[in-house]
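Asker: As a plain string of letters, each chain reads:
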Amino acid sequence: MSASLATWILVAQRLAIALLTLVIVSFAVFFATEMLPGDVAQILLGQAATPEAVAGLREAMGLDEPALLRFLGWMRGLVSGDFGTSYVNDMPVAELIGDRLINSLRLAGVTTAVSVPVSLVLGIGAAMWRGSFFDRTVSILTISVISVPEFMVATLAVLIFAVWLGWLPALSYGADTGSLAAMLKAYAMPVISLSFVISAQMIRMTRAAVIETINTPYVEMALLKGAGRVRMVLVHALPNALGPIANAVALSLSYLVGGVIIVETIFNYPGVAKLMVDAVATRDLPLIQSCAMIFCVSYLTLITLADLMAILSNPRLRR
Amino acid sequence: MTKQSLVSVRDLHIGAITDSGREVEIIKGVNFEIAPGEIVALIGESGSGKTTIALSLMGHARPGCSIHAGTIRLGEHDVTAMSERRRADIRGTEVSYVPQSAAAAFNPSKRIMDQVIEVTAIHNLPNRSGAEARAVELFRALALPSPETIGQRYPHQVSGGQLQRLSAAMALIGDPKLVIFDEPTTALDVTTQIEVLRAFRSVMEKSDMAGVYVTHDLAVVAQIADRIIVLKGGEIQEEGTTEQIVNAPRHPYTKELLAAFDPVPHEAIATADGPDRAPLLEVDRLSAGYGSMRGGEPTAKILDDISFTLERGRNLGVVGESGSGKSTLARAIAGILPPYRGEVLVNGVALPASLGQRSKEQLRQAQIVFQLADTALNPAQPIETILGRPLTFYHGIKGRAREKRVIELLDMVQLPAALRHRLPMELSGGQKQRVNLARALGAEPQLILCDEITSALDTVVAAAILELLKELQRELSLSYMFISHDLSTVEAICDDVLVMYKGEIVERLPAATMSTEAQHPYSKLLVSSVPKLDTGWLAGLEQDPELIARFANR
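Order-wise, the sequence lines are chains L and B. No gaps in the numbering here: position 303 of the first sequence is 396 in my numbering, and each next residue is one more. No gaps in the numbering here: position 226 of the second sequence is 257 in my numbering, and each next residue is one more.
Keep in mind that the hints were calculated from the coordinates and are not lab data. Note that CB positions come from ideal geometry on N, CA and C, so glycine has one too. Take the hints with a grain of salt, since some may be wrong.
Simulated coverage check for chain B against chain L, where a stretch passes if three residues somewhere in it have a Cβ under 8 Å from a Cβ of chain L [to be verified]:
1. 124-134
2. 144-158
Counterexamples of contact, computed for chain B against chain L with all Cβ distances above 10 Å [unchecked claim]:
3. Asp42
4. Ile48
5. Ala174
6. Val189
7. Gly322
This is chain L alone, in the form it adopts within the complex (with noise of 0.2 Å):
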């Protein structure tokens, strides 16, 4: 099976690629944030601070030392698991992002769940019955959605559902999550206006995806066999636009881990996001180099999941 041995080859290219980015892009991050102004030391002492003093907490800091040993030691510490020690409050930034992580991810993965399917369906369904009434519809509300920044959209749904109604909590964090019902409850208004905001993009790119594939030749010979239209875009289109619609949900995605501050801010969610920021203001830098490494293995994640999907659908290299 020379063929397939081929495939796994090009899989294992890719696996490749992604490993030598994540490289690339610790590098990327350890330097700048190097690069950020302002000196620790200055900013944990005080203004007040001696000289002497300063110098003193530097050495003991180890930030004396030349930055690529700095950095050697750093990789060397996230391979075996130590993320380092927080500046600002001497904790393991693992303890500090542990539960920070488990939160971001819990609100991502509610929302995938939610916006996925729907986006898909729609998306999908605008393409069969392009042109129709459905497919403005759809158009019309996803150009609407894009336009309308999320803060927008999540201060308007605090003030309709939580301030006006009284339906649900304003804060998500917090919140009684005993039943499902609770749960739910808790996590609606974050992941509705998550949904929103991804869920758009998603649409409009599978809705291009699938109408370019049913613009082939032979999905018009699929017409021209008798075949209908659910099954023309079910059964030809589809299959060869799984991959640039599998590159735009994970493009789409990669936004739930770290592009959620102003939604976090909003609800009071404690996630990863509104932890890096917090450690921005304080100059905590193993904190947010952690925190930027995070967001980069979720994106390389998502993206190489995508691409391997593409390589796998492709019956060209699949056989």
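Let chain L serve as the given structure and place chain B on it in line with the hints.
Answerer: Below, chain B without anything else, positioned relative to chain L:
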């Protein structure tokens, strides 16, 4: 009428919306009938409406087109009055379709067998295994290799000629009363075309299916059709039996089509004739290929050890099937694809291998004209800019002088000067190819490499382009290297012919005697595979099966 016809088309009008939103009528009142079991050819140049009419028989109009008036009756069905749902019911079972490009019409992500027998799944016909057995039977009848297992492959794993026959199996599986063949052999090599035509003919003869055969190639139609309908501009020009149309055409347009088919033998231009004629182009042991270089050789070697010379004022034809390396040869000579071994000499001076290292003067001497003017001309630039670029680049002509020269160039290729303000998309296919040629002339070259420049054009338009090439040659003492898969085109313009097979030159011979004096078995096969305007040609054709097995990639 004594016999009930299978298809009757009455006063058919089909309209289309153009890109600018204007509504035009592309089929203007067409009437014809098809008897059961009869094969009728729709013939005409592109834009004549032949495919539009054929598709309308299935009740299908391409996006932007719609049937305006008239009735199409197929058996007991009134196709024009049916709902889309009911039309879908008769597609595949009553009327089916063999597409122009089977390579594009097969879904790349599904196995061939699943697509061939899909008709039975769509129409809820019982029994999948029965359908598969029937498909294998059809594969065998269509002379496909390993009929039992070919269905398990994916479309990219079989050759173009095989795919075309598989698409015929896909059309025949539902036992339709009418099969529509839409230029099914146009995209194939001549050596492959024969086998596909034979397979179609034998299957159609054994069944009582009627057929509509859409094509622009009279010689192909003469082999397969009972009756011919000649179309132009959405109207029927002439209708008659195949014998009558081929041997005694009445309408002037039909005569023009037939005349374009007969090549006018080429006569070498008589300038400075003599034994000491200097070679313009010398190619010495040239090898080229694609892919990454390993040990000084590319992974995919295309051309192997090509040597030939072309004397000033003479024309050299390069023929061979697709994949034989014809276009690669032109690209290697032009320096677009630097050869990894061997030399290209123009006027006795060796040229650097790659385009980037050649001087302006060296670039100017040899110009290349590509097959598809549509993609070779920048769609965003007016003709004046396209033609002005080589003038400024090679000769530094600017401003008023440049405009004057652009008008001269347009005049040379027999286009009106006002055309220079238009964009390429506003021109017809033939006009675009003339502009494409004019751009090469702008450099004032000595050699023009013509890469299949007439292949995408209709016969009548292509014949006019060939006339133009000859005229330009007389006026400007040019030499052409003329690449084509069409032997009669090469005969019409070239003095000598190189026959290429799998990246090698198998034979060089004078064009005039090519058809009679070819020595190499592959050249013989190629020459004998060109369809003749004779209804008995295919039936009487005998080719050495050993030769076919060796050379024809069927």
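Asker: Decide, holds or violated, for the assertion that all CB atoms of chain L are farther than 10 Å from the CB of B/Ala174.
Answerer: Consistent with the label, B/Ala174 stays out of reach of chain L, its closest Cβ about 22 Å off (over 10 Å).
Asker: Counting residues of the stretch 144-158 of chain B whose CB is closer than 8 Å to a CB in chain L, do you get three or more?
Answerer: holds (count 4)
Asker: Against chain L, does B/Ile48 hold up as non-interface, every C-beta pair farther apart than 10 Å?
Answerer: The assertion about B/Ile48 holds, with a minimum of 13 Å to chain L.
Asker: B/Asp42: least C-beta distance to chain L exceeds 10 Å?
Answerer: Its Cβ never comes within 10 Å of chain L, the nearest being 24 Å, so this holds.
Asker: Quick one: work out the minimum CB distance from B/Val189 to chain L and report holds if it exceeds 10 Å, violated otherwise.
Answerer: Check passes; 13 Å lies beyond 10 Å.
Asker: For the stretch 124-134 of chain B, do at least 3 residues have a Cβ located nearer than 8 Å to some Cβ of chain L?
Answerer: Our answer is that it holds, as 5 residues pass the Cβ test (under 8 Å) against chain L, meeting three.
Asker: Far enough from chain L: is every CB of that chain over 10 Å from the CB of B/Gly322?
Answerer: holds, 15 Å
The structure agrees with every numbered hint stated previously.
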